[in-house]
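Trainee: Sequence:
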Amino acid sequence: MNENIASEQYQGAPSVPEETTKSPQKLRAGKTSERPVFDAVVKTTKYLVLSLFLIYVVFPSVMKIYPRIQEKLIFLNFVCWPPFMDVTKPDELGLTGVRNFYLDVDEEITIGAWHLLPKSLIRNETLDFESKLSSGHPIFLYLHGSTGTRGGWHRVQLMKLLTSLDFHVVTIDYRGYADSTGHPSEDGVVDDSHFMYRWIKERSGASQVVLWGHSLGAAITTKLAKRLCEEGVDPHGVILESPFNNIRDAALSHPFAAPFQHIPFYKKLILDSVAQNNVFFTSDENIAAVKSPVIIMHAEDDLVIPYDLGLKLYKSAQQNRPKGSGPLQFVPLKASFGYGHKHIFQAPELPEIIKNFLGTCKRK
Numbered sequence: 001m002n003e004n005i006a007s008e009q010y011q012g013a014p015s016v017p018e019e020t021t022k023s024p025q026k027l028r029a030g031k032t033s034e035r036p037v038f039d040a041v042v043k044t045t046k047y048l049v050l051s052l053f054l055i056y057v058v059f060p061s062v063m064k065i066y067p068r069i070q071e072k073l074i075f076l077n078f079v080c081w082p083p084f085m086d087v088t089k090p091d092e093l094g095l096t097g098v099r100n101f102y103l104d105v106d107e108e109i110t111i112g113a114w115h116l117l118p119k120s121l122i123r124n125e126t127l128d129f130e131s132k133l134s135s136g137h138p139i140f141l142y143l144h145g146s147t148g149t150r151g152g153w154h155r156v157q158l159m160k161l162l163t164s165l166d167f168h169v170v171t172i173d174y175r176g177y178a179d180s181t182g183h184p185s186e187d188g189v190v191d192d193s194h195f196m197y198r199w200i201k202e203r204s205g206a207s208q209v210v211l212w213g214h215s216l217g218a219a220i221t222t223k224l225a226k227r228l229c230e231e232g233v234d235p236h237g238v239i240l241e242s243p244f245n246n247i248r249d250a251a252l253s254h255p256f257a258a259p260f261q262h263i264p265f266y267k268k269l270i271l272d273s274v275a276q277n278n279v280f281f282t283s284d285e286n287i288a289a290v291k292s293p294v295i296i297m298h299a300e301d302d303l304v305i306p307y308d309l310g311l312k313l314y315k316s317a318q319q320n321r322p323k324g325s326g327p328l329q330f331v332p333l334k335a336s337f338g339y340g341h342k343h344i345f346q347a348p349e350l351p352e353i354i355k356n357f358l359g360t361c362k363r364k
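Under full-length UniProt numbering, the letters of the sequence shown match residues 1 to 364, in that order.
Derived by calculation from the structure, the hints in this document are not laboratory data.
Treat the hints with care, as some may be off.
Claimed, not checked - Using 30 Å as the maximum straight-line C-alpha spacing, the simulated DSSO-like pairs for lysine-lysine come out as follows:
| # | residue 1 | residue 2 |
| --- | --- | --- |
| 1 | Lys132 | Lys119 |
| 2 | Lys226 | Lys43 |
| 3 | Lys119 | Lys72 |
| 4 | Lys119 | Lys362 |
| 5 | Lys72 | Lys323 |
| 6 | Lys46 | Lys160 |
| 7 | Lys323 | Lys160 |
| 8 | Lys315 | Lys291 |
| 9 | Lys89 | Lys201 |
| 10 | Lys334 | Lys355 |
| 11 | Lys334 | Lys201 |
| 12 | Lys201 | Lys291 |
| 13 | Lys89 | Lys226 |
| 14 | Lys312 | Lys323 |
| 15 | Lys323 | Lys201 |
| 16 | Lys291 | Lys355 |
| 17 | Lys312 | Lys334 |
| 18 | Lys89 | Lys46 |
| 19 | Lys160 | Lys89 |
| 20 | Lys362 | Lys132 |
| 21 | Lys362 | Lys160 |
| 22 | Lys43 | Lys72 |
| 23 | Lys132 | Lys226 |
| 24 | Lys315 | Lys355 |
| 25 | Lys362 | Lys226 |
| 26 | Lys291 | Lys334 |
| 27 | Lys201 | Lys226 |
| 28 | Lys89 | Lys43 |
| 29 | Lys46 | Lys119 |
| 30 | Lys72 | Lys355 |
| 31 | Lys132 | Lys72 |
As the list claims (entries may be wrong) - Cβ-Cβ distance ranges computed for the label pairs, FRET-style:
| # | residue 1 | residue 2 | range |
| --- | --- | --- | --- |
| 32 | Thr45 | Gln329 | 51 to 61 Å |
| 33 | Asp106 | Val42 | 55 to 65 Å |
| 34 | Glu231 | Phe84 | 19 to 29 Å |
| 35 | Glu285 | His183 | 52 to 62 Å |
| 36 | Gly205 | Asn278 | 29 to 39 Å |
| 37 | Arg203 | Ile122 | 10 to 20 Å |
| 38 | Leu76 | Glu108 | 50 to 60 Å |
| 39 | Glu108 | Asp128 | 24 to 34 Å |
Glycine is no exception: its CB is placed at the ideal position from the N, C-alpha and C atoms.
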């Protein structure tokens, strides 16, 4: 009897909800599993805030206090890839018929240079490179852009193309680049290029001498061509590959500038820094004095210097060059080709473009 009562009392006891039966250990485990997610969110937020602080506060402040930083960012002569390239041994880059040499621009500046021979002049015996400049083969003075050296891969590929077409190529590293001494400045790199041009002309005889500039080198080329035309020694021709119209627009359009475009004072900051450094590279103004034949080539998919800036330079040349100037051409390259900023040398039609352009360049 007592056992039945006890059994009934046990069976009639209210059931305990399942949640309340969980052990304290399980509850603690559930809270712990949520903790890593919370920590990850906090960590990500910290990085985001720090990044925004660096981009929108620290960097503009440093630019304002130390405007010469922008000069470094324009020339980027401290950026070299691959980092241990030996420009004194161009044959190790697959070049043949090439001489590495040095010239003293003045008492303080020495620049490194290469001279590549046309394929038809390459012989096994020891070559007198300087005397070959008067061979009658066209000579290209190639002026490279920012970063790297005269041994940059895309630069070497263009040189190989030009020598295969039976042209001379002379190229330099401006002051502060590679094995050249000194520090770059707008007037300084133009002085180096001017010195190299005069050196070539003293040895070229009746050979055509054509300037070829890429990117920042196109701005250097344009300013050099202006100086030469004002001296009455117009170059036979000027080729501008992937150029910009002026350094201000180039800086504002550069991919690195994208995060700063929404800062209200950013444009003024750029202008102030440019003015303090005397780095303008106003190609749209300089080209107005260039009477030589000019050809501008620009790829539509150029992400470094937008296609529109090359087109602006062309339109400025159309409107402002003197009457009686040589022919002016603009060669657009479709984005579908994928040449971008550095690979126009891959265009199958480039050899024909060059040969046709040389046909418009008069011997002087």
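Trainee: Compare the structure with each hint and give your call.
Mentor: Going down the list of hints, with the structure as the test:
no., hint, in the structure
1, Lys132 / Lys119, "holds (12 Å)"
2, Lys226 / Lys43, "violated (55 Å)"
3, Lys119 / Lys72, "violated (38 Å)"
4, Lys119 / Lys362, "holds (23 Å)"
5, Lys72 / Lys323, "violated (38 Å)"
6, Lys46 / Lys160, "violated (50 Å)"
7, Lys323 / Lys160, "violated (36 Å)"
8, Lys315 / Lys291, "holds (15 Å)"
9, Lys89 / Lys201, "holds (26 Å)"
10, Lys334 / Lys355, "holds (21 Å)"
11, Lys334 / Lys201, "violated (36 Å)"
12, Lys201 / Lys291, "holds (18 Å)"
13, Lys89 / Lys226, "violated (33 Å)"
14, Lys312 / Lys323, "holds (20 Å)"
15, Lys323 / Lys201, "holds (26 Å)"
16, Lys291 / Lys355, "holds (20 Å)"
17, Lys312 / Lys334, "holds (17 Å)"
18, Lys89 / Lys46, "violated (49 Å)"
19, Lys160 / Lys89, "holds (15 Å)"
20, Lys362 / Lys132, "holds (20 Å)"
21, Lys362 / Lys160, "holds (25 Å)"
22, Lys43 / Lys72, "violated (33 Å)"
23, Lys132 / Lys226, "holds (28 Å)"
24, Lys315 / Lys355, "holds (24 Å)"
25, Lys362 / Lys226, "holds (18 Å)"
26, Lys291 / Lys334, "holds (28 Å)"
27, Lys201 / Lys226, "holds (17 Å)"
28, Lys89 / Lys43, "violated (49 Å)"
29, Lys46 / Lys119, "violated (60 Å)"
30, Lys72 / Lys355, "violated (37 Å)"
31, Lys132 / Lys72, "violated (37 Å)"
32, Thr45 / Gln329: 51 to 61 Å, "holds (54 Å)"
33, Asp106 / Val42: 55 to 65 Å, "holds (59 Å)"
34, Glu231 / Phe84: 19 to 29 Å, "violated (40 Å)"
35, Glu285 / His183: 52 to 62 Å, "violated (25 Å)"
36, Gly205 / Asn278: 29 to 39 Å, "holds (37 Å)"
37, Arg203 / Ile122: 10 to 20 Å, "holds (18 Å)"
38, Leu76 / Glu108: 50 to 60 Å, "violated (22 Å)"
39, Glu108 / Asp128: 24 to 34 Å, "holds (30 Å)"
Hints 2, 3, 5, 6, 7, 11, 13, 18, 22, 28, 29, 30, 31, 34, 35 and 38, counting from the list given before, are not met by this structure.
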